[in-house]
Amino acid sequence: PLRIIVYSKSLYLALTKKKEELRNCGLIGVRNARILQALFHLLDLRQAQTAFRQLSDINPMSCHWGQLLHKAEALAKDGVNKEDADQIDLSKAPQPPICGAKLSTLTQSLATKGVRASRALKPRKTTEKITGLVQQAILNQSGNLPEKDSIWRAIKTKNYTRRERNFLFLAMHGAQRIGKYWTNIPGYEDRAICNHCNEIEDMEHILFKCNWPNQCNIWGEAAKMWPDSYGHFPVDSLGLVLGCGLLKIKVKQEQMESARRLLQILVSTTAHHIWKLRNESVINRDGDSISRPESIQKWYHSLNDRLTMDRILTNRKKFGNRALSCGLVENTWLPLIEPKPPDGWVTDPEVLVGIRQP
339 PLRIIVYSKS
349 LYLALTKKKE
359 ELRNCGLIGV
369 RNARILQALF
379 HLLDLRQAQT
389 AFRQLSDINP
399 MSCHWGQLLH
409 KAEALAKDGV
419 NKEDADQIDL
429 SKAPQPPICG
439 AKLSTLTQSL
449 ATKGVRASRA
459 LKPRKTTEKI
469 TGLVQQAILN
479 QSGNLPEKDS
489 IWRAIKTKNY
499 TRRERNFLFL
509 AMHGAQRIGK
519 YWTNIPGYED
529 RAICNHCNEI
539 EDMEHILFKC
549 NWPNQCNIWG
559 EAAKMWPDSY
569 GHFPVDSLGL
579 VLGCGLLKIK
589 VKQEQMESAR
599 RLLQILVSTT
609 AHHIWKLRNE
619 SVINRDGDSI
629 SRPESIQKWY
639 HSLNDRLTMD
649 RILTNRKKFG
659 NRALSCGLVE
669 NTWLPLIEPK
679 PPDGWVTDPE
689 VLVGIRQP
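Throughout the sequence shown, residue numbering follows the working numbering, covering 339 to 696 in sequence.
These aren't lab readings, by the way, just hints derived from the structure by calculation.
All the pointers check out, no bait thrown in.
Okay, derived cross-link-like pairs now, DSS-like style, lysine-lysine, Cα gap no bigger than 27 Å in a straight line:
#1 Lys-486 - Lys-467
#2 Lys-586 - Lys-562
#3 Lys-463 - Lys-494
#4 Lys-496 - Lys-451
#5 Lys-440 - Lys-357
#6 Lys-547 - Lys-586
#7 Lys-486 - Lys-451
#8 Lys-562 - Lys-590
#9 Lys-460 - Lys-494
#10 Lys-347 - Lys-496
Label pairs and their calculated CB-CB ranges:
#11 Ile-373 - Thr-646: 40 to 50 Å
#12 Leu-428 - Gly-525: 51 to 61 Å
#13 Gln-593 - Ser-456: 39 to 49 Å
#14 Glu-592 - Trp-490: 23 to 33 Å
Glycine included, every Cβ here is placed at the ideal spot set by N, Cα and C.
Please build the complete structure, drawing on both the sequences and the hints.
In structure tokens form, the structure reads like this:
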């Protein structure tokens, strides 16, 4: 018999309880589908017994298991420290006689996903360029080169509002109608030029390089808002804005989740706010600048709206399992609130809490 200890809970479930479910759906939309397909077939070809156990179910104090776990951790660390991920050669792996989804369990949604997955899309040059920019920015900040999939998954986090996610998604593709978008449209070439700098606009220019003073003021307010105990405010470029969910923050392990969440909220709120102010100035005010007090006041208003929304989303009676943890909300916002609110302020609607403008 073969006994396999699995660290990942998702892999453990895929090899045991969810094996038939995944096989019936043809592994459509499942990560590492080809590897799982080959693994399922190899398990089917085995005639001896194969047993799986999850690492969390094992007592690490056992002498025998302790030695094995120590060796496994050493191998895992070696894998993490590799510059390039290992490429698994599946060309020699035995192929199952039947592939694809089971017709009796196939749904229209699953069939659509399968058709889309079979059509390989050509990578967009602009998207590849911006993705490389994000990878390089994160590498310079944290010392780790993230996978492209990790960058896209980080943008889908629920720590962003839907509008912020849409804004960041379009920015990753360079799909906003700014700059070079207008250069090839006769009669509209002047829209490609920044009103303040007389340079071609792009998202990096709008968020960081423009001579428009309010942009610097708002990033300065965000840096002041960032708690001193969390270290230096790490975002100063478009690449770090788009990849802020993967940045390295030097805090204690128990503070990591709330600190990373606060960084994502601050960065996404600030970047989206500057984008909205730019659009209001260009579209509604014919290029006239918005005053510094007004722009800062609107930024604080956006943060307080987000704080209020987080407090509302802790209501388990209304949102059930989708509700936010009270502890997470409290740890996220407490470093920003002065004076310190009373206990239970997260769920008590009678307690007025907000971030005050100095």
